[in-house]
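Asks: This is what each chain is made of:
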Amino acid sequence: MSVKYALYCKGITPFDADLPYIEYVLKTIQHAQRALAPEYELYKEVPFVVVDKGVLKDD
Amino acid sequence: MTELAFLTASELVPLFKSKKVSPVEVIKAVFRRIEKLDPTYRSYITTLPEDALKQAQQAEAAIMRNEDLGPLHGIPVGIKDLYHTKGIRTTSGSAMLRNFIPKINATTVEKLHKAGMVMTGKLNTHEMAGGVSSINPFYGSSRNPWNPNYLTGGSSGGSGAALAAGLATLATGSDTFGSIRVPASMCGVYGIKPTYGLISPHGITPLAASLDHPGPMARSVSDLALMLGLMAGYDEKSPVSLKVKVPDYTKSLNKEIKGLRIGVPGYFLQGLDPEVKELFMNALNTFSTMGAIVTEVQLPELSMSTFAGYVVLTVESGNYHYDMLRTNPAGFGNDVRILFESGLLLDHTHYIRAQQARRKIADALKKSFEEVDILAAPAIPITVPRFQENWILQSTELTNRCMPFTAPANSAGIPSLSAPIGFSSNGLPVGMQLMDNHLREDLLFQAGDAWEKAYKASPLHKPYPDEQ
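Chains as they are written, first to last, in full-length UniProt numbering: chain R, 1 to 59; chain C, 1 to 468.
Since the hints were made in silico from the structure, they are not lab data. Since this is a predicted model, take the numbers as computed values, not measurements. There may be inaccurate statements among the hints.
Said to hold, decoys possible - Simulated coverage check for chain R against chain C, where a stretch passes if three residues somewhere in it have a Cβ under 8 Å from a Cβ of chain C: (1) 1-11; (2) 14-21; (3) 34-40.
For each residue, glycine too, the CB sits at the ideal point set by N, CA and C.
From just these sequences and the hints, can you work out the full model?
Replies: Here is the structure:
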């Protein structure tokens with residue numbers, strides 16, 4: 001799906017001049033995603049922690 | 001008069017109390033400089049010369065009456081234009097908020113007023129704090145006092161420029177992916193991004209709520225310690241505010257650091273500009289000569305910081321500005337619109353994975369503090385860039401370069417103090433960051449203060465450009 005169409009689906013009318021830059025940002029994120037190595041077993045982590053346990057310990 | 005504008009708050013407070021210097025003299029010196037220099041540096045969006053003079057006169061009168069004075073009595077403080085100020089327009093660096101007059105003060109502004117500050121005005125910022133260049137198409141870009149052809153860094157670029165040019169004694173900033181540490185580093189001043197939730201974000205325009213850290217900026221570590229103590233504290237108006245006792249951080253100053261264990265993650269030694277690397281290594285050597293034990297530590301989990309930082313930043317900021325992106329996209333500057341719209345194209349898998357990566361990063365950092373007392377790293381890997389013609393690309397690329405170095409502390413919510421360490425061959429400042437476990441700002445002030453004293457006594461240190 002193109003960036004332009006994907007933004008239309010979100011109710012946003014993008015500026016054509018922005019599209020190469022948006023693609024650039026998305027490529028940066030895609031590249032950074034390579035660091036999520038399977039050995040970190042991210043799926044086992046609780047995704048949202050309301051109050052950090054380490055901070056609570058110091059209260 | 002120039003000298004008064006460059007005194008720190010810690011130097012001015014006793015001079016006011018002993019009636020050797022008046023807050024009126026200081027505020028007049030500061031505004032004379034603003035009038036002369038700020039058309040170039042663009043550190044302020046709104047100045048308040050009449051209000052500030054009135055406040056300074058009231059401060060002087062209180063001193064003459066020998067009244068009990070607040071810790072910042074008569075001190076000129078610039079407020080980042082992201083912080084809401086009652087009755088004073090607060091643009092957040094955005095054209096859409098050109099006429100926004102808040103009905104409330106941010107909690108921090110209220111606290112600083114109670115401490116006796118004289119508010120000089122509202123400091124320039126990257127639009128909505130959504131970038132680290134402080135290139136602002138609506139109010140003019142803040143320019144680096146060391147050389148106005150170079151960036152100040154951002155988003156608190158107005159704060160960095162005002163401090164380096166003697167246009168404020170203290171300033172507020174906020175840091176979501178480096179917005180205190182990047183301009184502090186590029187302008188040669190000091191800044192601290194404290195523990196997440198230690199300073200209430202209530203009344204400060206959010207960027208990415210789970211990464212936003214308000215904090216102080218100053219020309220010395222002792223001023224940071226003083227100001228953090230006044231800005232921090234529980235605020236029932238904020239759901240993320242920590243209910244912890246705020247210590248007197250100034251008690252951490254003037255202490256030796258013999259035996260302090262400083263860890264240097266190998267992660268931060270990759271991709272450094274050679275000049276940044278040389279100055280950073282010199283700083284580590286200086287710590288060693290002061291008796292600190294410097295060791296390299298391995299934290300491979302930090303390699304996930306760019307992903308975690310970028311995803312959480314773009315998704316949360318895109319979501320916050322979603323309605324305006326739909327109804328008035330032309331109201332945004334190109335670079336922040338690009339950043340926010342990028343976040344709308346990521347999905348739940350990205351966001352949840354990014355949060356899970358944050359947990360891994362935070363746990364790894366916490367574990368490292370069992371082996372070392374603090375961590376040290378360059379604030380950013382590059383020297384200060386010159387303004388380029390394609391500002392949209394420059395802003396976007398600068399975020400890419402800084403994110404790997406700034407995102408670890410934001411992702412984990414740990415405190416990070418930025419301090420100058422010297423100058424690159426282009427004559428612009430270079431900085432380092434010292435990081436510690438949650439709520440260990442005291443140790444950062446101890447190490448930062450020891451560093452500042454050694455640095456200021458070294459040939460690497462230079463007076464501020466207009467101080468010379």
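Asks: Closer than 8 Å Cβ to Cβ for three or more residues is the test here. Does the segment 1-11 of chain R pass it with chain C?
Replies: Since 5 is at least three, the answer is holds.
Asks: Examine the segment 34-40 of chain R for residues whose CB is less than 8 Å from any CB of chain C, and state whether their number is three or more.
Replies: Per the Cβ count (3), the hint holds.
Asks: Count residues of the segment 14-21 of chain R with a Cβ under 8 Å from any Cβ of chain C, then say if the count reaches three.
Replies: Three-residue rule met by the segment 14-21 of chain R, so holds; n is 5.
In this structure, every one of the numbered hints holds.
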